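Trainee: With the hints as extra help, turn the sequences into a complete structure.
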Amino acid sequence: MLFSRATTLLASTLATFGAVANAKDIELDWTVRWKTVNPDGLKERQVVSINDQFPLPVLRGNKGDRMIITVHNQLENPVRNSSIHFHGMYQNHTNHMDGPPNVCQCDSPPNSSFVYNFTLDQDGTYWYHTHTSESYPDGYRQIMLIDEDEPPFEYDEELSFTMSDWYHELNEIITKDDFLTLYNPTGAEPVPQSLLINDTIQPKFLVKPNTTYRLRIANTGAFSGFIFYITGHNFTIVEADGVYTDPAEASSVYIAAAQRYSVLFTTGPDTNTSYQFVQVADSSLYDVIPDDLRLNNTAWFVTDETAECSDLSREDIYNNKDLWKDPTEDIALDDFTSEDIAYFDDFTLVPSDHMPLLPDPDQEFTVKVVLTNLLDGVNYAFFNDITYTHAKVPTLYTVISAPDDETASNGTIYGADTHPYVLEHLNVVQLVLNNFDSGSHPFHLHGHHFQAIVRAESLGGSDSDYYPYDPSTQNVTFPEFPMRRDTLVVKPYSHFVIRWVADNPGVWFFHCHIEWHLTQGLALLFVEAPTQMRQIYTNIIPQSHWDSCTANQVPVKGNAAANTENFFDLNGQNMQQKDLPAGFTARGIVALVFSCVCAFVGMGFLIWYGLSDTPDQLAAEAEHFVHDEEVPSENDIDNQSDLNDQPFRNERGKRFTDRLRRPFGHRSSDDN
Amino acid sequence: MTQVFLIDVFIICFRESIEAAVIIAVLLSFVKQSFGGPGMDRKAYKRLLWHIWLGSLTGLIVCLIIGGAFIGAFYGLNNDIWGSSEDLWEGILSVIASVMITIMGLGMLRINKMKAKWRLKISQAILEDDEEDPLAKHLTWGQRLKNLNPVNFRFSKFGRWTRKYALFLLPFVTTLREGIEAVVFVGGVGLGQPAQAFPLSVILGLICGLAFGYALYFFSSSVSLKYFMIFSTCLLYLIAAGLFSRSVWYLQMNTFSKQTGGDVAEGGAGPGTYNIKQVVWHVNCCNPEMNNNGWGIFNALFGWQNTATYGSVLSYNAYWIFIMLIICVMQYEEKTGKLPIIGRFWKRKHVSDDEINELYNRAQLTAQRKLGNAGDVHAEDLTPTSSSLDKDLSEKKVVDTSVSSHSA
Chain A
1 MLFSRATTLL
11 ASTLATFGAV
21 ANAKDIELDW
31 TVRWKTVNPD
41 GLKERQVVSI
51 NDQFPLPVLR
61 GNKGDRMIIT
71 VHNQLENPVR
81 NSSIHFHGMY
91 QNHTNHMDGP
101 PNVCQCDSPP
111 NSSFVYNFTL
121 DQDGTYWYHT
131 HTSESYPDGY
141 RQIMLIDEDE
151 PPFEYDEELS
161 FTMSDWYHEL
171 NEIITKDDFL
181 TLYNPTGAEP
191 VPQSLLINDT
201 IQPKFLVKPN
211 TTYRLRIANT
221 GAFSGFIFYI
231 TGHNFTIVEA
241 DGVYTDPAEA
251 SSVYIAAAQR
261 YSVLFTTGPD
271 TNTSYQFVQV
281 ADSSLYDVIP
291 DDLRLNNTAW
301 FVTDETAECS
311 DLSREDIYNN
321 KDLWKDPTED
331 IALDDFTSED
341 IAYFDDFTLV
351 PSDHMPLLPD
361 PDQEFTVKVV
371 LTNLLDGVNY
381 AFFNDITYTH
391 AKVPTLYTVI
401 SAPDDETASN
411 GTIYGADTHP
421 YVLEHLNVVQ
431 LVLNNFDSGS
441 HPFHLHGHHF
451 QAIVRAESLG
461 GSDSDYYPYD
471 PSTQNVTFPE
481 FPMRRDTLVV
491 KPYSHFVIRW
501 VADNPGVWFF
511 HCHIEWHLTQ
521 GLALLFVEAP
531 TQMRQIYTNI
541 IPQSHWDSCT
551 ANQVPVKGNA
561 AANTENFFDL
571 NGQNMQQKDL
581 PAGFTARGIV
591 ALVFSCVCAF
601 VGMGFLIWYG
611 LSDTPDQLAA
621 EAEHFVHDEE
631 VPSENDIDNQ
641 SDLNDQPFRN
651 ERGKRFTDRL
661 RRPFGHRSSD
671 DN
Chain B
1 MTQVFLIDVF
11 IICFRESIEA
21 AVIIAVLLSF
31 VKQSFGGPGM
41 DRKAYKRLLW
51 HIWLGSLTGL
61 IVCLIIGGAF
71 IGAFYGLNND
81 IWGSSEDLWE
91 GILSVIASVM
101 ITIMGLGMLR
111 INKMKAKWRL
121 KISQAILEDD
131 EEDPLAKHLT
141 WGQRLKNLNP
151 VNFRFSKFGR
161 WTRKYALFLL
171 PFVTTLREGI
181 EAVVFVGGVG
191 LGQPAQAFPL
201 SVILGLICGL
211 AFGYALYFFS
221 SSVSLKYFMI
231 FSTCLLYLIA
241 AGLFSRSVWY
251 LQMNTFSKQT
261 GGDVAEGGAG
271 PGTYNIKQVV
281 WHVNCCNPEM
291 NNNGWGIFNA
301 LFGWQNTATY
311 GSVLSYNAYW
321 IFIMLIICVM
331 QYEEKTGKLP
341 IIGRFWKRKH
351 VSDDEINELY
361 NRAQLTAQRK
371 LGNAGDVHAE
381 DLTPTSSSLD
391 KDLSEKKVVD
401 TSVSSHSA
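Chains A and B, in that order, give the protein sequences.
Numbers 1 to 672, taken from UniProt numbering, label the letters of the first sequence in order.
Numbers 1 to 408, taken from UniProt numbering, label the letters of the second sequence in order.
Think of the hints as simulated: they come from the structure by calculation, not from any bench.
Everything hinted at is true.
Some chain B residues well away from chain A (every beta-carbon gap over 10 Å; in silico): (1) F10; (2) W53; (3) L54; (4) L57; (5) L64; (6) A69; (7) W89; (8) I103; (9) R177; (10) P199; (11) L206; (12) I207; (13) A211; (14) N254.
What follows is a set of in silico ranges between Cβ atoms, one per label pair, in the way DEER data are often shown: (15) B:L204 to A:D385: 49 to 59 Å; (16) A:M575 to B:L204: 55 to 65 Å; (17) B:Y332 to A:C596: 23 to 33 Å; (18) B:G68 to A:R587: 42 to 52 Å; (19) B:A215 to A:F600: 26 to 36 Å.
For lysine-lysine, the following DSS-like pairs were computed, each having C-alpha atoms within a straight-line distance of at most 27 Å: (20) B:K277 to A:K176; (21) B:K32 to B:K113; (22) A:K392 to A:K176; (23) A:K578 to B:K277; (24) B:K338 to B:K113; (25) B:K258 to A:K176; (26) A:K557 to A:K392; (27) B:K335 to B:K226; (28) A:K176 to A:K35.
These numbers come from a predicted model, not from an experiment.
Glycine residues also receive a C-beta, built at the ideal position from the N, C-alpha and C atoms.
Mentor: Structural data, given as structure tokens:
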């Protein structure tokens, strides 16, 4: 019997919990180092561990608690920086604890310590992961559960799950060798080697009959979206991304990378039974589906240990492809894809607080998502032709080191390719995102829950199906109580529109939560209320944050180019690769012209050679005859009857002379 | 993309059928001159004409059968092996086609030389057999060895029958030879192309070639014919240069394709379909491999690619420079009779037009004597002539069979 470690993490949380008055400090001391494990039973590999634990510790607290986490980076072989983003946290007044390096902090190098100190202002299901590039798929991520005072639903027990994809190589190596290279011009995302639930496969959980369970699920994967369902049973969605919703009945749910859900599931009265909680990868995201990739994984809920369920070891399961079937139906894996499963439309969810649609926006931005190549041949991802290239100074530090509020409110100082949008305090902000790419993307906004007010369906799958948002031609009705979340999927060749209130001063990253696309630069920055930010943050950045910058030799003052004198002088800022030339460059024109000239000169030579052909053979023959032999007289030629009696010589003479006029014209004398 | 016409195949068939037509034309006029004149042996003339046409047609049919079987068997056996590494095959086959066109192309500008060569060959074929003919004795052993090609195969070995049907065998062997040559070339060029692309190209090539040969027979010194030859040769070399460049392009593409794990096969015209590091120009339009956009014709004719690499541009120019050099060498050789530099050490002997004519006349006499029905009458009359020619010839140092620089 194989029971997941995660089961030990279950807290039998009662719906009625202690009051906020009991808010406490949760102090944690985390040492992060490499550990070799084999989560899928297929391959041992290095993963990131915390205090030698893998899977990483589940972070748990009550709303109002203060988290004080000291992270000691011991990732030395290979050397790896560290940072932690607490995904979904508003981090109101603690923007510097948000995590993304070069935005809100500096990467913390090996043998340094970094302190995260923030208050849990919200409840629900979240997760934490490193925001250092090319890192979190190495296992540096875990679910984070914040318990609520009075959730608007009732349940008896709780189970929490992470669902993720899993690679057998270090993320850094995949990125360098297979992904961001000249030899991956289409930007095909690396396909994982297996799927994990709670960092293992086929975990088992003991459940009681006649009990309502709150299943808290986070997709902590790097790339894949999953569809989950419980075979033969419906469940009730009550939370999405930390936002409680009116109960919504569903049989299956799509959970994109970085999204979370809570669903209520009530077990039946049977005491000797099992339930299959199935995870199926959205295979439409994969360019190729390798033969040895199992596209589903099941967690077993058993009412007692003798209940019928898979008793096979992980190795057995992988060695027996017959078991790779969807347990619900007897369909072989080959025929069974995620596209066959209808899933719940999360756009229809209604927040339980019934917060109404925000008013018309004060600020509106439209961005276009495109993936294409730049001059180095690598495939990059773009918002409006900008692939995110981080500033030399973490943008938060640029805000506070700017000489005055006016300068800080000018977006140019944050750099061109960081793609900053400056938001005014308390404005209603609307972002229109048009996806011109053939893939779906889960977009995540730091520091906010936004209202999802439009999400269009995909019109199809070809380049001609671009489908930008245009309220003047499209029949758009916004929902009365729009769904709020922090990670929203845009469909292929489609769009979404989101709104939020700029009530949280800070520098907030907005990016695709497919780790590959973030590495490709599918990100931009919202510099929200810089004036208010300067009041809040100027003197509160802790020393461990500055120390990281010193250790990494990252400047902490100045504009995006680290220029402290003139904030509008951006010489030396980090820039993205140059565009590919659109058509013929000077080089191309020279080459083409030279080739044409060469071809014409060559043909000139051919013409010269052709015109200097040896003189007509027969003319020469006749001439030879005329000069060397007796010349036939006109008489001979005209006198046909004479010719008939002439010996051979004269006959030939006539013909050759004839042929002087019409060479090879053998008919001239003979056939009449 | 269903391709129903292959320009390379067309050109090869065109070229080979022209050569066959030239030979038949030379044979026809040989017979005409020897037997077709007034008061000459009409019966023998008709019989020999019949021999020539029958021989040509039989040769053509046999080689069509062989060619059909060859290509049919090839496609039957190897239908699938191309797809997996299409770029590699495109590259290899393009370079083969380019080399073939290059070799055969310049010969087309020397139609007269070609005719002279065949007149010489026919004369020798007939004379060699005639042991009494003094000219045959001028052939050295080396020259005889050289002549051991199917056309002037030693008739004596076949005895009386072959002697009697020499004018059947000559065109038969000729068309067969040219035909098989064409089959081999067509096979080389067209491999990897859809089988349905062959019939139209081959048949059109044959028809055009024969029409051309017919024109040649009647209007051989017509200036417009010469211009046509020049024009078509230019076209031919544009194609060959394009093919050469294309082959380099495809080989590079194959390498890149392998490095990307076949990802570029997703194709399209945009970024990501080519190796940016090697590119000289790239335009997102005009991809010749996309369906139905006409640029495929430019690709076939001039080797156009919307993405040019250093390799493809350099090879294109290198090809033309090579052709220019070859032409210079050939011109030099034609003017001075020797090759530059190596000509000091090795000199090819020319057969002058006069010598060819004399051989030709001699062959006519021999043919009248040996092939005619009542040849003896004429042979009697002609004896003095031949002996006077003997005298002339014995003073000269004759005869290299090779007419400079052309190879069939």
